[in-house]
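Number of protein chains: 2
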Amino acid sequence: MTQHKHPFDSALEFRHENGRVFGQTSAAYANMIGPFGGMTAAAMLKAILDHPDVLGEPITLTVNFAAGVKDGEFELEAKPERTNRSTQHWYVRMVQEGEVVTTATAVFSTRRETWGATDMSSPHLPAEAAPVSTEMMPRWAQNYTFRMEGEMRDKIKDAQPNAETLQSIQDKPPRPLDFPSLTAMADVFPPRIMIRRAQFAPMGTVAFTVYFHVDSATLSQHGDGELIGHARANRYYNRYFDQSAELWTPDGVLFATSTQIVYFKE
Amino acid sequence: MTQHKHPFDSALEFRHENGRVFGQTSAAYANMIGPFGGMTAAAMLKAILDHPDVLGEPITLTVNFAAGVKDGEFELEAKPERTNRSTQHWYVRMVQEGEVVTTATAVFSTRRETWGATDMSSPHLPAEAAPVSTEMMPRWAQNYTFRMEGEMRDKIKDAQPNAETLQSIQDKPPRPLDFPSLTAMADVFPPRIMIRRAQFAPMGTVAFTVYFHVDSATLSQHGDGELIGHARANRYYNRYFDQSAELWTPDGVLFATSTQIVYFKE
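Top to bottom, those sequences are chains A and B.
Its first residue numbered 3, the first sequence is counted upward by one per residue in this note's numbering.
Its first residue numbered 3, the second sequence is counted upward by one per residue in this note's numbering.
Wrong hints could be hidden among the right ones.
Which copy is meant is left open, so a pair is good if it fits within one copy or across any two.
Said to hold, decoys possible - Computed cross-link-like contacts, SDA-like style, restricted to lysine to any residue with a CA-CA straight-line distance of at most 20 Å: (1) K267 with Q172; (2) K267 with G225; (3) K72 with N86; (4) K157 with A29; (5) K157 with T136; (6) K159 with R17; (7) K157 with D121; (8) K72 with R87.
For the record, the hints were derived by calculation from the structure and aren't laboratory data.
Keep in mind the model is a prediction, meaning the values are calculated, not measured.
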């Protein structure tokens with residue numbers, strides 16, 4: 003019996019060689035040009051998770067998309083810049099042909115049970131939300147199931163007064179949620195300017211930040227079920243706009259908040 | 003006639019020595035322990051702004067507070083990791099006694115006039131908002147004027163169902179707004195957990211991100227007038243919580259959005 007590897011795991015298979023770490027872009031997660039940014043972000047995080055000196059679990063990751071990642075091999079250089087008793091600060095560089103194409107900083111920490119609360123209201127995805135066709139979307143989107151209600155699907159065909167959307171997100175085929183996949187899911191939301199203006203222009207994320215509000219034990223309990231993603235934009239100004247998003251469990255537990263700032267050409 | 007330097011400018015006076023850059027923490031911007039994080043963030047940004055190779059204007063800055071900054075001298079190492087035609091990606095380290103205490107990444111870019119819009123609704127600070135006493139606040143807060151309406155001032159005395167606040171922010175004495183001061187202002191909001199629970203516990207920001215939605219010409223036009231700051235928390239979970247904030251002009255122009263993730267001990 004052959005156990006097929008999930009394409010997400012295949013995309014994050016690294017080769018370790020004399021303390022150096024090499025990865026390969028994955029055709030299954032190709033974007034219109036180069037790889038899906040969420041997968042690049044997941045690779046930056048995995049370089050830390052795989053590092054022998056890692057301490058604790060991810061609290062935050064910021065990825066800077068410094069240049070287009072070319073299809074093919076890349077090297078990942080992860081360096082713990084500072085290790086404290088319970089927190090660790092990382093700097094990661096993705097290098098291709100001797101040039102830096104992506105950088106990232108991350109904070110890891112041990113978790114401890116404390117008082118907790120959620121100030122943000124959880125969104126409600128109506129039961130009639132149905133899978134969206136990903137046929138017209140880039141290759142990477144074929145590895146996800148997105149459900150949206152009909153009104154929302156119609157909304158994104160025309161220019162809108164704002165770019166807020168609500169949808170489900172799940173790996174296709176389903177795959178147990180972990181920190182790399184949660185990171186990638188925080189980047190599945192189409193650039194808000196496409197929804198706002200219902201027209202295409204060259205664009206690309208320049209920086210992306212995720213805050214993790216979950217530990218690995220809770221991710222394991224969640225398993226491979228879908229998450230609910232809520233996204234919106236704040237301001238579009240002279241070549242850049244920012245968007246923010248949250249990832250919730252269907253029963254209203256906030257797993258991650260994220261922001262990104264995106265270049266656009268008019 | 004003596005022209006007194008603004009304490010904010012004195013705090014950001016760097017010494018350049020054989021291509022190395024040194025700064026000094028400022029007693030005027032002291033926090034309970036060490037310097038005000040907003041001033042540390044401003045110093046990280048200014049290290050880039052002062053760099054001979056800088057291209058364009060700040061689009062985003064992420065600061066990682068890796069360890070407590072000690073009062074006294076620090077060195078700033080700013081490195082352009084990647085320079086493209088119109089964007090530049092930076093990595094900055096603040097070092098004290100040979101150890102990294104703060105890291106930052108930033109994206110700079112040339113701006114060009116494009117289509118623009120603001121999806122987020124601008125908040126309204128009622129006219130009766132009056133200056134808040136900063137007497138009980140840390141030393142750095144004495145360099146700001148904060149106005150809040152009475153209901154909001156009362157609200158923060160007791161535990162709350164959420165940590166949302168609205169206030170004005172202005173340098174005291176007034177000082178023309180620039181990118182470093184805008185950065186510091188994005189970090190003046192008290193940790194949301196203090197408002198939510200109305201009790202004090204050891205806490206500290208571990209990472210802070212600012213998105214700039216303004217260029218230097220617009221900042222100059224704004225001058226030294228106040229900004230309106232709107233802040234809230236999202237989730238408090240096992241030692242960390244995140245908060246987000248926006249800085250608006252009084253007439254509703256969004257200058258900056260920011261997020262931070264904060265450690266707390268219960």
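Checklist line | Hint check against the structure, violated hint numbers in rising order | finding: 1, 2, 4 and 6
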